[in-house]
Structure formats: C-alpha cells, structure tokens
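Visitor: Using the sequences provided together with the hints, build the complete structure.
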Amino acid sequence: EVVREVSAEDSGIELSLLGQSKFLQGNLDGSKRDFREGLSIAKQGDRYFSKSLSLLLFSNTYANLQPKITIQILGMVDGYRRNKLDEQLPPLWEKELDSAIVKVRQHLHESEVNLAWEEGKKMTIDQALDLALQTLDEI
23 EVVREVSAED SGIELSLLGQ SKFLQGNLDG SKRDFREGLS IAKQGDRYFS KSLSLLLFSN
83 TYANLQPKIT IQILGMVDGY RRNKLDEQLP PLWEKELDSA IVKVRQHLHE SEVNLAWEEG
143 KKMTIDQALD LALQTLDEI
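One point on numbering: in our numbering, the residue at position 38 of the sequence shown is 60, and numbering is uninterrupted.
The hints are simulated quantities; they were obtained by calculation from the structure and are not laboratory data. Each residue gets a CB set at the ideal place from its N, CA and C atoms; glycine is no exception. Treat the hints loosely; a few may be bogus.
[Said to hold, decoys possible] Straight line, CA to CA, 25 Å or less: simulated DMTMM-like cross-link-like pairs of lysine to aspartate or glutamate:
#, residue 1, residue 2
1, LYS54, GLU132
2, LYS125, GLU36
3, LYS117, ASP100
4, LYS65, GLU132
5, LYS90, ASP159
6, LYS117, GLU134
7, LYS117, ASP148
8, LYS65, GLU116
9, LYS44, GLU141
10, LYS117, GLU141
11, LYS90, ASP152
12, LYS65, ASP152
13, LYS54, ASP152
14, LYS54, ASP148
15, LYS44, GLU132
16, LYS117, ASP32
17, LYS54, ASP32
18, LYS125, ASP159
[To be verified] Each pair of labels, with its calculated beta carbon distance range:
#, residue 1, residue 2, range
19, LEU137, LEU87, 18 to 28 Å
20, GLU140, GLU36, 24 to 34 Å
21, LYS90, THR146, 11 to 21 Å
22, HIS131, GLU59, 15 to 25 Å
23, HIS129, ASP68, 25 to 35 Å
24, GLU36, SER133, 35 to 45 Å
25, GLN66, HIS129, 10 to 20 Å
26, ASP68, GLN128, 34 to 44 Å
27, GLY52, LEU114, 18 to 28 Å
28, LYS144, ASP51, 29 to 39 Å
Guide: Right under this line is the structure:
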C-alpha cells in the first residue's frame with residue numbers, strides 16, 4: 023500500500039488543475055467552483071510555488087474571458103519571479119504563461135497589454151489571488 027501525504031497547498035494546485043480541466047470540458051460553473059476553492063487554499067498557505075502555479079492555471083484558463091485581469095496577474099507572477107526569486111520558470115509554467123499571453127494578445131492592443139503588465143508587477147501575490155477570486159465572482 024502506498025501512502026502519500028498531500029499538503030493543503032498541494033490540494034489547492036490539484037483543485038486548480040481540476041478547474042482548468044472542467045473549463046476545457048465546457049463546465050464553467052464547476053471550473054469556477056474548483057478554482058475558487060483551489061485559489062482560496064493557496065492563499066491560506068505560504069508557499070510561492072502553490073500560489074503562483076494556481077494563478078498561472080487560472081490565467082491560462084480565463085485569458086479569453088478576462089484578458090486584462092489575466093495580463094495583470096501574469097505581470098505580478100513574472101515580476102515576483104524576476105525581482106524576488108531571480109530564477110527561471112519551470113518549463114510547464116513557462117508554457118502556461120506563454121499560452122495565456124498569446125490568448126490575451128488576441129483581445130487587447132499592445133499598449134493595453136503593456137500597461138496591464140506593469141500594473142500587475144506592482145501587485146503582491148495575495149492581491150493577485152484576491153483579484154482572481156473576485157474575477158471568478160464576476161464571470
């Protein structure tokens with residue numbers, strides 16, 4: 023028997039992945055519910071990894087519905103990583119980021135993208151989580 027201990031923060035990531043999957047299956051209500059729970063769990067924790075991966079999954083999922091908010095959140099994640107951590111994104115994260123940016127650019131003018139990105143860089147990670155949670159209520 024394999025016993026695996028799962029942290030609450032890991033559960034937040036898993037719920038965010040489930041939210042993304044449900045969105046792709048056309049289940050918007052289920053997606054929103056799972057993202058709301060996953061982002062709330064991530065926010066309660068203290069690990070940057072859990073918070074930022076949940077935000078990247080949220081951003082890639084809802085980029086077509088909320089492009090400005092998406093690019094703000096992505097600006098925060100990228101700015102935090104560059105300024106606080108000084109490290110590269112793991113390949114999966116880079117793929118999520120790039121995919122979301124491509125979607126956003128289909129909806130916003132380049133100047134709007136740049137402005138929202140800069141606004142996002144000024145946010146804290148908890149402000150970005152709050153923005154994502156608020157956005158779920160508005161979708």
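Visitor: If a hint holds in the structure, say so; if it doesn't, say that too.
Guide: Now the hints, each set against the structure:
no.	hint	in the structure
1	LYS54 x GLU132	28 Å, violated
2	LYS125 x GLU36	23 Å, holds
3	LYS117 x ASP100	13 Å, holds
4	LYS65 x GLU132	31 Å, violated
5	LYS90 x ASP159	16 Å, holds
6	LYS117 x GLU134	22 Å, holds
7	LYS117 x ASP148	23 Å, holds
8	LYS65 x GLU116	22 Å, holds
9	LYS44 x GLU141	30 Å, violated
10	LYS117 x GLU141	22 Å, holds
11	LYS90 x ASP152	15 Å, holds
12	LYS65 x ASP152	8 Å, holds
13	LYS54 x ASP152	14 Å, holds
14	LYS54 x ASP148	19 Å, holds
15	LYS44 x GLU132	30 Å, violated
16	LYS117 x ASP32	20 Å, holds
17	LYS54 x ASP32	18 Å, holds
18	LYS125 x ASP159	21 Å, holds
19	LEU137 x LEU87: 18 to 28 Å	19 Å, holds
20	GLU140 x GLU36: 24 to 34 Å	32 Å, holds
21	LYS90 x THR146: 11 to 21 Å	19 Å, holds
22	HIS131 x GLU59: 15 to 25 Å	34 Å, violated
23	HIS129 x ASP68: 25 to 35 Å	34 Å, holds
24	GLU36 x SER133: 35 to 45 Å	37 Å, holds
25	GLN66 x HIS129: 10 to 20 Å	32 Å, violated
26	ASP68 x GLN128: 34 to 44 Å	35 Å, holds
27	GLY52 x LEU114: 18 to 28 Å	23 Å, holds
28	LYS144 x ASP51: 29 to 39 Å	32 Å, holds
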